[in-house]
Amino acid sequence: MPVLRLENITKRFGSLVANDGVTLSLARGEVLALLGENGAGKTTLMNILFGHYVADEGTIEIDNKPLPPGSTDAAIEAGIGMVHQHFTLADNLSVLENITLGTEPLWAWRQDTRAARKKLALMAEEFGLTIDPDAEVGQLSVGERQRVEILKALYRDARVLILDEPTAVLTPQETTDLFATLKSLTAKGLAVIFISHKLNEILAISDRVVVLRRGAIVGEVLTSDADRSLLAEMMVGEKVTRPKPRALAYGAPILRLSNISVADALSGAGLRGVDLTVNAHEIIGIAGVAGNGQSALADLLSGLLQPDAGSVELLGANLETISASDMIRRRVGRIPEDRHKFGIVGEMQIWENLISEQLRSPEFSIWGSLINKSRALERAKSLIEQFDIRCEGPEAETKLLSGGNIQKLILARTLAPDPSFILANQPVRGLDEGAIAYVQTQLLEARDRGAGILLISEDLDELLSLSDRIAVMFHGTLSESFKNGSKTVAEIGLMMAGHATVETVS
Amino acid sequence: MQIVPRTHISPVRATLAPVTAVLATMLICSALIIWAGAPVLSSWLFMLKGALGSRFALTETLTRSVPLIFTGLAVAIAFRSKFYNIGAEGQLYCGALAATYFGTGLITLPPILMVPFLMLVGAIAGGAILIVPVVLKTHLKVDEVVTTLLLNFVILLLVSYLIEGPWRDPMALGWPQAASIIDEGVIPTMLSKGRLHYGFVFAVIAAVLVWALVRFTVWGFEIKAVGLNVSAAAFAGININATIVRTALISGGLAGLAGVSEVAGLKGYLTLDLSPGFGYTGIAVAMLAQLHPLAVIPAALFLSGVYVGSDAMSRAVNIPTYIADVIVGMSVLAILVSVMLSKFRITWR
Amino acid sequence: MLDLLEIVVSTGFWAATIRIVSPLIFGTLGELICERAGVLNLGIEGIMTVGAMAGWMWVYQGGDLWTGVLFAALVGALFGFLHAVFTVFLGLSQHVTGIGITLFGSSLSYFVYRMLLPSATTPPKIVPFQTYRIPFLSDIPLVGEALFSQTPLTYLALLSVPAVWYVLYRTPLGLAVRMAGENPVAVEAQGINVLAVRTGAVMAGSAMMAVGGAFITMSAFDAFFFGMINGRGWICVALVIFASWRPGKALLGAILFAGLEAFQVRAQQVAGAAIIPYQFYLMLPYILSIVAMIFMARKAKYPHALLVPFRRGERV
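Read top to bottom, the protein sequences are chains A, B and C.
By the count of the numbering used here, the first sequence reaches residue 506 at its end, each step adding exactly one.
By the count of the numbering used here, the second sequence reaches residue 349 at its end, each step adding exactly one.
By the count of the numbering used here, the third sequence reaches residue 316 at its end, each step adding exactly one.
Hints listed in this document are in silico derivations from the structure and should not be mistaken for laboratory results.
Misleading hints may appear alongside valid ones.
[To be verified] Examples of chain B residues toward chain C, derived with CB under 7 Å:
#1 L149
#2 V328
#3 M330
Quick reminder that beta carbons are idealized off the backbone N, C-alpha and C, glycines included.
Isolated chain A (complex conformation) (with noise of 0.2 Å):
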């Protein structure tokens, strides 16, 4: 008998879309992968289940008993538990707070803490899933986080476990640790629904696969008679093809960073003597699990950050202070990791998004004052043109655009004044395959052409296919940079989590 069965989902947002007819059923004991590009439907699937959003059509049973739609108490209370993929967690608020959150009667006179410490306790002996009851959760590492979200979800007595894209934030190693955990856990009865859409991952865990593409359900495989060919062709539909790289020496110098030391207190991780040369005609990927210093980097070499100590030579020109401006004005091209945030000013027009960098210049500006707004339309039409920007025109509103067109945005600013370096923050994040080939065409087209590029990406297999080095970020230092293919991915993955090693093979 299945412990959870999902009849006939089917969920729409307007014209959209979101589920179409979904039927599945998970087995005690299994687990179950969901597998599907961005934007196929997981999530929203998993909030139907979690009550987060009522579906239209369709029913769901666990042990055979309706749930109650709509209702995240009913979806706790029948043994539902869900990690999200950006942790639900209170920075400034301790473990114990965190799990206990919403376990007693809001109306209770007080909080029973010590039962609640108890019952941790025991969970922590039976499932092995250690962790300091009063650690305030701000400082706890990534993969500890995660843990105490585990938790959560166990302390409700969960009986299904959805974990949303779980491993994006951890190292090889945590990966590891965290499929150990869920096979313990799995062993005394839990289910597990593994949302994920890295296919190694799904391979590595899995019991069944279920792959959802546009909403629907377009197979289900076991995952013992699959492979990564496989299930790849199963979620886009078509053979994927990623773009690859055609060998090329590199050229001359274009960044280099010598002993750089940033304290950053915002992104985690600042950077400690970090040594990094960026050639002409080359990508250097930056590995590391998020939160290594990375941002720190992207923010150094965006502009946005100075360093305490260390040198930054551009084109061979020593840089005495960092700003945005500056870098703008060495033809540096930068893609920030939060496009949203970081990379468009959503409510204004397209055309002031493609310009927004060169405001003052000559070109675009009338004495440095006045926008020359009829030169600054043409070169947006002719920039839409050139990098397919699907949009009503330029002077329609930014926010409006898709994920994949406003990163197609951001490259068309960002490539059009032809950098000599660029840093490339997770260009492809939340992108859909048609996108993501896009955009790393044109980055190795830059390549082609004579830039060097700072790859930093969370995705292992990104690095792997575009880079010519790699290089490995680890609680801010950088290892130096090896030839792409010279390590395995075994050895990349420990140099992930800190176990350096130390032969540096060029």
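Given chain A's structure and the hints, the job is docking chains B and C onto it.
Chains B and C in isolation, oriented as in the chain A frame:
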């Protein structure tokens, strides 16, 4: 209930938003009129007549709109870059203080120079007082709302001290007020009858200049960008601190001009009650104008009419004049909803 | 100089301090609750005015003092609800909504007052709360006179500090409120309605603010004046930052300010003080509020979700 953003915001909807806000405000305030036992429709008509019904009323409405245009512009440009300047009242008085200091005999210039000179010092004074809150915000991240507001109280006490003490006009028969602005500094009236002075023209010019600044210049672009998405603006190389300081100086300067226009144009001398809250009403003006500099003019005229008309209304039907202030407060709330409705759609499931 | 020092050790000074601190405690705690839940309530000045008016009016119309306080609290909660509709439900600008509520609340209070008393030139008085000396405790030298010989509303104010602390830090409801101000998504993930929690917090905080206003008309004075709140609301907003959003520190900060005000009133009467005009004494609370904010701004640990509206189902 879901709030869904509209994909297409028709310009008609956007311009209509203040109108619906005003109508909603009037509807709700009619409840107060009913409570006062007065006939609703006639009361509004009395207000209308009192504001526009005679030549005198019209000139009064125009006259009293001058400080509101200035403070409305001050608030509008500040709010545009998300710098919440609630201190327009204090900045107004700073402008008035500067005008009084320089304009009561210290310096004498021919009128063609004197008036612009007083306006200049008034604007500088208004902007200067904002330096403290602005620096606190850019360097120490201190929220500007409370600092600008608290400064209002400080400045008013300063004015009180000066008027009762060292600046007291000995010829004013005991009432605390400063000396009069010399004749060369007085802003001349525009018409033979009534108090309407050229400050109105200056205010309209200011509105046009601010509009041009926002629309056509790089500075205007930066102000908008910083207000809409400060992270992206910084990323694009815009100097955030410089932009905020610039905005604050312009904003304070405009509010200072309001003070100059009242002292040198309307009253002729500085008193403690020079401003019955123009700095705060300016917030309502700016909101009704949806922060658009040109729309500040009709918004200011409207609220000025409300104040002028409420005097007449209260004489006719015995409603406390505070109804004008209630309308101002209510319209701030109403415009928030109207603007939201023009940008979003509420669906019921 | 010695005269000034003498002031600080006099019982009268401390009694006045505790009396003056009462509305500040209500206001600061009220604002603290709102901000902890993630909502900046700039309507505080207006809500305190409304509370002052409502409480006084109730008694003037024949009601008794305690029901008057209750009425003021209810009216405050109503305005809090209005604020929450705008900021919590509709997610509109918390800054502008607060200013609108202040303008609306103040002007409405004055309007109602004029409606009830169209021709009064001097504000009519009510019989305010009388001092209640707590037996035994009020006989302790210095402390007794200052702390235990106050009006009931002051005792209420002082008791509300540990009460608010307990609710915020020791009950599930308080945890939910604090969570709503740090990570509302976490709250929703537990099946708790974030909008309800935030609205409740704003209503409760506004009720406290209104009681703070009522204190002024019903305990400190006995009549309603125009402009009687006089910026106390804004000072409370500064005090919340100064207190790092903690009730205990809020009490300390409020006492510091009340002490300053009590001091300056007395210092003006000390010989030689006439050199400094009274206006400069009156400026001190406002200037010091700004200084307090400067002090704490650097280290301020803002509730993470303060000023961020929460939309249901909105996931990153």
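Okay, the hints, checked on the actual structure:
Hint status for L149/B: holds, given a least beta-carbon distance of 5 Å to chain C, under 7 Å. The closest approach between the C-beta of V328/B and any C-beta of chain C is roughly 6 Å, which is under the 7 Å cut-off, so the hint is satisfied. Nearest Cβ of chain C to the Cβ of M330/B: about 6 Å, under the 7 Å cut. The hint holds.
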